[in-house]
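Go ahead and model the full structure; you've got the sequences and the hints to work with.
Heads up: the protein sequence lines correspond to chains A and B, in order. So in this note's numbering, the last spot in the first sequence is 390, and the numbers never skip. So in this note's numbering, the last spot in the second sequence is 325, and the numbers never skip.
Be aware that a few hints might be false.
Residues from chain A that keep clear of chain B, each with C-beta distances beyond 10 Å, as calculated [to be verified]:
(1) Thr19
(2) Gln22
(3) Glu122
(4) Ala143
(5) Met173
(6) Phe180
(7) Gln192
(8) Gly204
(9) Phe220
(10) Ala298
(11) Lys330
Straight-line distance between alpha carbons at most 30 Å, and here's what the computed DSS-like set of lysine-lysine pairs gives [said to hold, decoys possible]:
(12) B:Lys300 to B:Lys247
(13) A:Lys48 to A:Lys330
(14) A:Lys330 to B:Lys117
(15) A:Lys227 to A:Lys16
(16) B:Lys203 to B:Lys117
(17) B:Lys247 to A:Lys330
Just so you know, the hints here were simulated from the structure itself, not pulled from any lab data. By construction, the Cβ of each residue, glycine as well, lies at the ideal position given by its N, Cα and C atoms.
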Amino acid sequence: MKRGTAIQLGTYGIVCLAFLLVPSFVDDAFILNKYARYLVLGILAVALSLSWGYTGILNLGQAMSFGLGSYCMAMVLKLRTVPVHTGKAGLPDFMVWNNVDTLPWFWEPFHSMAFGLFAGIAVPVALAALLGWFVFRGRVTGVYVAIITLATLVVVNLMIIDQQRFTGGFNGITDLAQLEIFGLTFDAYGSSSYYLIAAALTFCLFFALAVTKSKAGLVLQAIRDNENRVRYFGYDVAFFKIFAFSVSAGIAGIAGMLYTIVMEFASPTFLGVQLSLSVVIWCAVGGRQSLLGAALGAIIVTGMQGALSESETFLKTWTLIMGFIFVVVVLFLPKGLAGVVEGLSNRVFGHGDSSKPEPNIVPDSLGAKSEAESLR
Amino acid sequence: METFLAQIITGLSIGSILLLVALGLAIIYGTTGVINLAHGEFVMLGAYSAWALQTFLGLGLIESLVLIFLITAAFGWVIEKVVIRHLYRRPLDTILATWGIGVMAQQAIRLSAGGELRYVEMPSALGSSVSVLGVETSAFRIFILLFTAALFGVTWYLMYRTSVGMKLRAITQDREVASCFGINSQRTYSLTFAYGTGLAGLAGALVSPLKSVSPEMGTTYVVDAFMVVVLGGVDSLVGTVVSAAILGELTGFLAFLSNDTIAKALVLLTIVILIRFRPQGLFAARTRT
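Written as structure tokens, this is what we have:
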């Protein structure tokens, strides 16, 4: 194993271990739940880092996969509650309020927990593969991908809000049962949920890292740097893009399922434009070309948002401060916090990190220019 | 026939508002390549300027239009000087920076003008309705339609018949070569950005009597405006007009057939499919790449 990879693996391992140790120091159930929420959003950022940072697909609709995963989990958990109005094994309460008589066909399979867990990953992956096939086979690139993914997100969001009878509309799906698998109960405010989420984050981080270190991962980074040259080498660029797009959607789906567990509801805001853009911001702050950086970016930014919005002095000005920080980060730290850390470690250890490919091989001005051109 | 005509006119009215909002964005995005997510907030600032001028100075909407244009344009000029000009080489990063600016603008307005809904009075002369081809239509909507047409005419003239416009088009084609010919690209970009923001401000002022004014109002506009610009073809002003008209009519008709939500979803799906097959937009200018 090369030295750079070893350092990287070590760093990832230490950070994940640190996350897993948090419950030993935190007693307060409310705070633990808050931290679990931040970690889930960290997973979501890893998903975007894989598609945006490593493949160059700016997916402004990442929240779509997230929300779909979240709804799948909510549907399973909803069917496990005892409805107040219709008795055991009856209809979910919001369907009763909307005069639905029988459970719709697409709700039926969600009686099975295994199916729900499967669907929470499979539905986002299938939809992403379909959208990816539609978009990348047509060689749509750059900002147009961003617009298409954003528009698709809004469409799905509108459909969920519109079909209130089957989805709970604006209110989403609330009053859920607790997740129970293998005799373990995952209480949103217990340490069990936190461990589940920290373990999932660890798994997703290392899985995504493995993808980027594989040969396919190298092709993905090559596509990011210069798509046409990769095509000239005979690689099927669209196939690799669809692959990255789908894997990223699967990870986002996992994050969505976990989010339902910690939040104890699913809501259309989980597929909102706001959240989707926020993910992009987290990745940018943390460093989009680093999976760990993106995850930490999400955790730091949402953590700061949480801390600032709760403190008395910043109650009203915290969004101002956040906006200001984003602008400053974009202006002065284009590679995010991960770029700062990398720069520091290079300065301390010299250029020992040679095995790591330089993210921008093309001279800066040329690279920027071709990017500018491809956007027009 | 009557309802059909009414639908056409509703569609045109929706389309004219779309165009009004999208025009500033089209100028900025089409020429400088800056993806300005704060555009919606510039629209919002225009609406609040209208509200402030009306409440504190007692100015009517029509009289204050010039002032509103100047206020928002000045704001855009400052934003360009402080932030945007450092990002012309990194167009994708402009998404992030302008998003941050938008968030700040929203919160600043919320802190200074309050988060509650504000209302701007319609000019009394335009409060009545007029009959167009036998269809009763609000005079103010007709005014917006005509005003948008006029603004488009002015913009087109600036772009294609003045030296500033010619310089701008030269920079759009190749910034370095244009600079070699002695064109001050920094200054031209500043002016363009300020002009685009000013247009957004006017759009906000004009829609303010139709819709309530709130700090979050910009978010919906920016998505719609982007759809219009991308569908029309990024560097084609005429394309922007046509795509605004198409989207306006489509929204109007689909909303008539089903409901607003479904109409919006269907329109977006149409856009997705159109972009897939014509990413360069419906009316792409032919350029060498």
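Status of each hint after checking the structure:
At roughly 28 Å from the closest C-beta of chain B, the C-beta of A:Thr19 stays outside 10 Å, upholding its exclusion from the interface. With 10 Å as the threshold on Cβ separation, the claim that A:Gln22 sits away from chain B holds: the shortest Cβ distance comes to roughly 25 Å. Chain B leaves A:Glu122 outside its interface by the beta-carbon criterion, the shortest separation being 25 Å against a cut-off of 10 Å. At the 10 Å boundary, the C-beta of A:Ala143 stays outside the reach of chain B, the nearest C-beta of that chain being 15 Å off.
With a least CB separation of 6 Å from chain B, A:Met173 falls inside the 10 Å interface cut-off, contrary to its annotation. For A:Phe180, the shortest C-beta to C-beta distance to chain B comes to about 14 Å, beyond the 10 Å cut-off, and the non-interface label holds. For A:Gln192, the non-interface assignment is confirmed: its Cβ lies about 33 Å from the closest Cβ of chain B, beyond the 10 Å cut-off. With a closest Cβ-Cβ approach of about 34 Å to chain B, A:Gly204 is found to remain outside the 10 Å limit, as its non-interface label requires.
Consistency note on A:Phe220: stated as away from chain B, and its beta-carbon is indeed over 10 Å from all of that chain's, at 28 Å minimum. Listed as outside the interface, A:Ala298 is inconsistent with that label: its C-beta sits roughly 5 Å from the nearest C-beta of chain B, within the 10 Å cut-off. For A:Lys330, the condition that its CB be more than 10 Å from all CB atoms of chain B is violated, with the nearest at approximately 6 Å. With a C-alpha separation of about 18 Å, the suggested pairing of B:Lys300 with B:Lys247 holds against the 30 Å cut-off.
Restraint check: the Cα-Cα separation between A:Lys48 and A:Lys330 comes to about 21 Å, which is no more than 30 Å; the hinted pair holds. The straight-line distance between the Cα atoms of A:Lys330 and B:Lys117 is roughly 27 Å, inside the 30 Å bound, and the hint therefore holds. For a cut-off of 30 Å, the pair hint linking A:Lys227 to A:Lys16 stands: about 12 Å separates their Cα positions. The suggested pairing of B:Lys203 with B:Lys117 holds, with an alpha-carbon distance near 19 Å, which does not exceed 30 Å.
Distance hint between B:Lys247 and A:Lys330 is fulfilled; the C-alpha atoms sit about 26 Å from each other, no more than 30 Å.
Comparing the model with each numbered hint stated earlier shows that hints 5, 10, 11 do not hold.
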